[in-house]
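Undergrad: Sequence:
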Amino acid sequence: MKKLLLFLLTTSLFALTTNNTFRITFQNLKFQNEHMGLLETSYLFDFGNFYTGLSVYSAITGKRGGFFTGGVNLGYKYPLEKITLDSGLFIGGGGGGHAPQGSGLMLKIYAGALYPLNKNFNLVANLNHIKFKDGEIDSTQLALGVDYNFQDVYFLKPFNGYGYFSKERVFFSPFVLEYIPFDSKTTARTKQKRFSLIGAEIGKYKNENTFYFISTGGAFRGESDGYAEFLFGMGKKFPFLTLKASLGAGGGGEVDTKGGAIYKIEAQKNISFLNISAGYMGSFGGVKAYYLKAAINKNFNFASVGEKYLKIETKKFRISLYSESYLPSNTIRKDDDSKRLDVMNVDLGYFIDENYYAFINAASAYNGGSGGYAVGMFGVGYEKNFFAKIAVGAAGGGRVDVGGGLLAKAIIGYKFKNFSIGIGRIKAFEGRLDTTILDIGIDFDFYKGIVE
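Those letters in the sequence shown? Residues -17 to -1, 1 to 435, by mature numbering (1 follows the signal peptide of the UniProt record, and there is no 0).
Hints are computed from structural coordinates only; laboratory data are not their basis.
Just so you know, not all the hints are guaranteed correct.
As the list claims (entries may be wrong) - Derived SDA-like pairs: lysine to any residue, alpha-carbon spacing no greater than 25 Å straight-line: (1) Lys299 with Arg382; (2) Lys174 with Tyr365; (3) Lys140 with Lys400; (4) Lys60 with Asn32; (5) Lys176 with Tyr263; (6) Lys367 with Phe402; (7) Lys299 with Lys168; (8) Lys281 with Arg382; (9) Lys431 with Tyr365; (10) Lys298 with Ile335; (11) Lys317 with Ala391; (12) Lys298 with Ser179; (13) Lys176 with Leu230; (14) Lys281 with Leu257; (15) Lys176 with Tyr195; (16) Lys367 with Lys431; (17) Lys189 with Tyr147; (18) Lys322 with Thr418; (19) Lys168 with Gly20; (20) Lys114 with Arg382; (21) Lys46 with Gly205; (22) Lys431 with Lys114; (23) Lys271 with Phe429; (24) Lys13 with Leu125; (25) Lys60 with Ala94; (26) Lys294 with Phe429; (27) Lys281 with Ser303; (28) Lys431 with Tyr195.
Please model the complete structure; the sequences and the hints are all you need to start from.
TA: See below:
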């Protein structure tokens, strides 16, 4: 008891236990005499009755496979005796699947209620309105879903020592993947050719051999630039092999996934930090493909809420939100339209030491007439008062001329407290895209405990 009290006293100034929520809802939009089913996946952080976080919306029914949007969610909860009132706002960018999303800016307002099933799960029901600023999607509908509530521990400054925690095993695996379609046609009714993806998986172990994961990727080679996917899955380790299954959304790049729902079955062999896989990807009435995949695996033993006396050392992480403007150039789009293109970006960074960091990036267009354009990248950076970073990844959609999808960017800039401004260049390896970019945004730094 004395140790526990001492730990609470010495860490309360910089350790923060947060209430977090993972939310999944489904809403069926109606526009232009058609329906499109959108799946929401959100990671939310509570601050009293207020909450905020990141959300992704993916088409899984209808005829707009490849429609994705991502952005920021802000909300407020008001508890009553048996239910909790819930309302909020989402702002983001995206599109795809040849939907009439205009420039891609999506706004959603919602109001509803949460009904507790137990300590960790709530039923979610709300009435919401979704509108794309200069597009033709403007729809009011009911959303139904579920919240999973849990706690986590973050640190406000570096800490190296002992405390009462539990150990949470998390992994990060960047990958490259080659799809080998068979008996499949594109949305243009031509033969679906092979294409390659770059992406990443982030997962969490339930026990020593069972884990859950999220997988996302985008095309960077072949004739399917603009294809993207976002899936949830489960895996189990056996003595000589790991088996995985996942379900989610995919499409774009004229890959015919019908309404957008796809699934995968995969066998994986772990060789040290390298994972080699073979699998099958299918959709419901659309594309079918075998695939080969290679991934690099990095494990983290994060400190979480618990009662074990463990030694930890913190590592710095960062979430960055910023707008990136592609300055006017006739290289941006396939039809030579030189209008400025504005893209909403989210970076998740991990600091290797005090100044150097690695990051993953996701971005989608919200202004400039190229709704549906999306980007995913891996990069490295350096910062003191100024910063410099380079990244490479995949992009496509929105008539942006990225060739097979592979592109790179480099940025230099200046930081003032949590705010940053930068200038750089973005260029496609095979397409004509080659223009100056301007960034302005905000960084949120935090520390996670690593169990030694």
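Undergrad: If a hint holds in the structure, say so; if it does not, say that too.
TA: The hints, checked one at a time:
no., hint, result
1, Lys299 with Arg382, "violated, 38 Å"
2, Lys174 with Tyr365, "violated, 45 Å"
3, Lys140 with Lys400, "holds, 15 Å"
4, Lys60 with Asn32, "holds, 5 Å"
5, Lys176 with Tyr263, "holds, 16 Å"
6, Lys367 with Phe402, "holds, 13 Å"
7, Lys299 with Lys168, "violated, 46 Å"
8, Lys281 with Arg382, "violated, 36 Å"
9, Lys431 with Tyr365, "holds, 20 Å"
10, Lys298 with Ile335, "holds, 8 Å"
11, Lys317 with Ala391, "holds, 18 Å"
12, Lys298 with Ser179, "violated, 33 Å"
13, Lys176 with Leu230, "holds, 23 Å"
14, Lys281 with Leu257, "holds, 9 Å"
15, Lys176 with Tyr195, "violated, 31 Å"
16, Lys367 with Lys431, "holds, 21 Å"
17, Lys189 with Tyr147, "holds, 20 Å"
18, Lys322 with Thr418, "holds, 12 Å"
19, Lys168 with Gly20, "holds, 23 Å"
20, Lys114 with Arg382, "holds, 22 Å"
21, Lys46 with Gly205, "holds, 23 Å"
22, Lys431 with Lys114, "violated, 37 Å"
23, Lys271 with Phe429, "violated, 42 Å"
24, Lys13 with Leu125, "holds, 11 Å"
25, Lys60 with Ala94, "holds, 10 Å"
26, Lys294 with Phe429, "holds, 19 Å"
27, Lys281 with Ser303, "holds, 22 Å"
28, Lys431 with Tyr195, "holds, 20 Å"
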